[in-house]
Amino acid sequence: VAEPGDHLFRREAGRMVAALTRLFGVHNLALAEDVVQDAFVRALEIWKLRGVPENPSAWLMATAKNRALDILRRERTARTFAPELGRLLESEWTLAPTVAEAFGEPAIRDDQLRMMFSCCHPHLPEIAQVALMLHILCGFGVNEVAAAFLTGHAAMEKRISRGKKVLAQSKRLFDFTMSDDSAVAERLSAVHRALYLLFNEGYHGAHAELAVRAELCVEAMRLAELLLAHPVTDTPSTRALIALMCLNAARLPARVDASGHLSPLLEQNRDLWDRELIAKGTHLLDRSATGSTITEFHIEAAIASVHANARSLEETDWRMIVDLYDSLLSLRPSPVVALNRAIAVAECHGAERGLAEIAAITDIERLANYPFYFAALGELEQRLGRTARAREHFRAAGTRARNPMERQFFERRAQEAFDSARIG
Amino acid sequence: MSDFLYLYRGGDSAGTPEQMQQSMHKWSTWLQDLGAKGHIKDQGNPLERTGKVVKKKTTITDGPYAEAKDLIGGYTLVQAKDISEAATLAAGCPIFDNGGFVEVRPVMQMSM
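Taken in sequence, the protein lines are chains A and B. Per the numbering used here, the very first residue in the first sequence carries number 1; after that it's consecutive. Per the numbering used here, the very first residue in the second sequence carries number 425; after that it's consecutive.
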């Protein structure tokens, strides 16, 4: 008996909801979700005893499609369905082909994109947009979204149901093929930000469990790939965004060492980096260098690419990285970016200069709870042999750690500073 | 070896897609394991949750006989040494995760 691939149900859930919403209309999102749930219950009941069919996706899709036909026939007088399909759903002659088309691959791809655009509604805060995408397009249950973001179930439930209400009120899904260019561009950049947020939550987020974090990165990349596959959304900034995801995700396998400890970039075993992702990211970064706008994704991808393509720490082109951080600062002034720039300066010009750059950061008080601010101070003090100060900074980082793995890492650093002081 | 019928009763399959996929994985692991040990005579079938109840020629009503929580959702025919082995084997069934249970019934023998 074949086993369906990892997360098949979750993936298919997003695709089925997208297709069903096209037919039922976004105001009937709840109905679409019920149909998906029914299809899964049926699949589970049959497959658990009879085994999984050869093509489980096709089976699920066919089940959802038949149920949709049934509902469209039975309830067409009682309900209104997708306004843009209007009459096509009314006559038997056009109903079956319309439903068949909605469940075809090209339509499903477009519908997932439309759903993604719709989730990034300007009335919703970014975090709600991301939660909605995870729930609707990635098939995460409310409890699973809450767990991924370390929020309570009730709070997430509220956020998601409010998001669905906004979706339902928008009457129809955002149509990026029919809308004017500036509306599409504006919404696309909201989609980019949401996917970036989702990726970063996986990459840097507070969740201690690596499996959860990697999954969020994978989902962000999967959704971003959908943008790449459509001519309207395959823009230079889409490519830059995916390049940045690939080039950073390539380092994920090396972020934890053999004994389960967090391993900072400078200490990672570069043999563990994913060469395929690096190649893909580098290629996309090249292809993103068209058009006239340069986004922060371009610059962040370029920084990641300098790291990813340096065979060793010593070969890293830190001057280039400092320049790139300068450009990033002018696009997006932020103390975190300035801190990263200062660390690169230290690599170029020594720890003393690095500390001076850190001291000169504007809005430095915004880093008061950022553990890596203290960790950076600790590293640089340690390099200068001021171990007592280094230890204090690492301890400060430890108390601000966002998960046990980080805390353990900072405590280890503090201990090392203490040990080196005793030897010295 | 004697034959026993497992009747899967009750249990709510609904959940998040991920939970349902995991639940299916547990079922297939459990049944494969039973099969590998030579206990499966017929993997069985799932049953629809609706049907007719026929009592005498003239009394045909809708719906299954049992209450929803005890409804038979499917069956499997297994082979085991005796009823206690059959019951022990059933204890590994993933149906308990979802609030269902397994009824184990010996199949009567013709031999005297």
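Keep in mind that the hints are not guaranteed to be accurate.
[Said to hold, decoys possible] Incomplete in silico selection of chain A near chain B, CB under 8 Å:
hint: 1; residue: 8
hint: 2; residue: 13
hint: 3; residue: 40
hint: 4; residue: 44
hint: 5; residue: 45
hint: 6; residue: 49
hint: 7; residue: 182
hint: 8; residue: 184
hint: 9; residue: 187
hint: 10; residue: 348
hint: 11; residue: 353
hint: 12; residue: 356
Honestly, the hints are just simulated from the structure, not real lab data. Everything numeric in this text was worked out from a predicted model, so none of it was measured. Backbone N, C-alpha and C fix where the C-beta goes; we use that ideal spot for every residue, glycine too.
Exercise. Checked against the structure, which of the hints given earlier come out wrong?
Worked result: Violated hints (numbers, rising): 7, 8, 9, 10, 11 and 12; every other hint is consistent with the structure.
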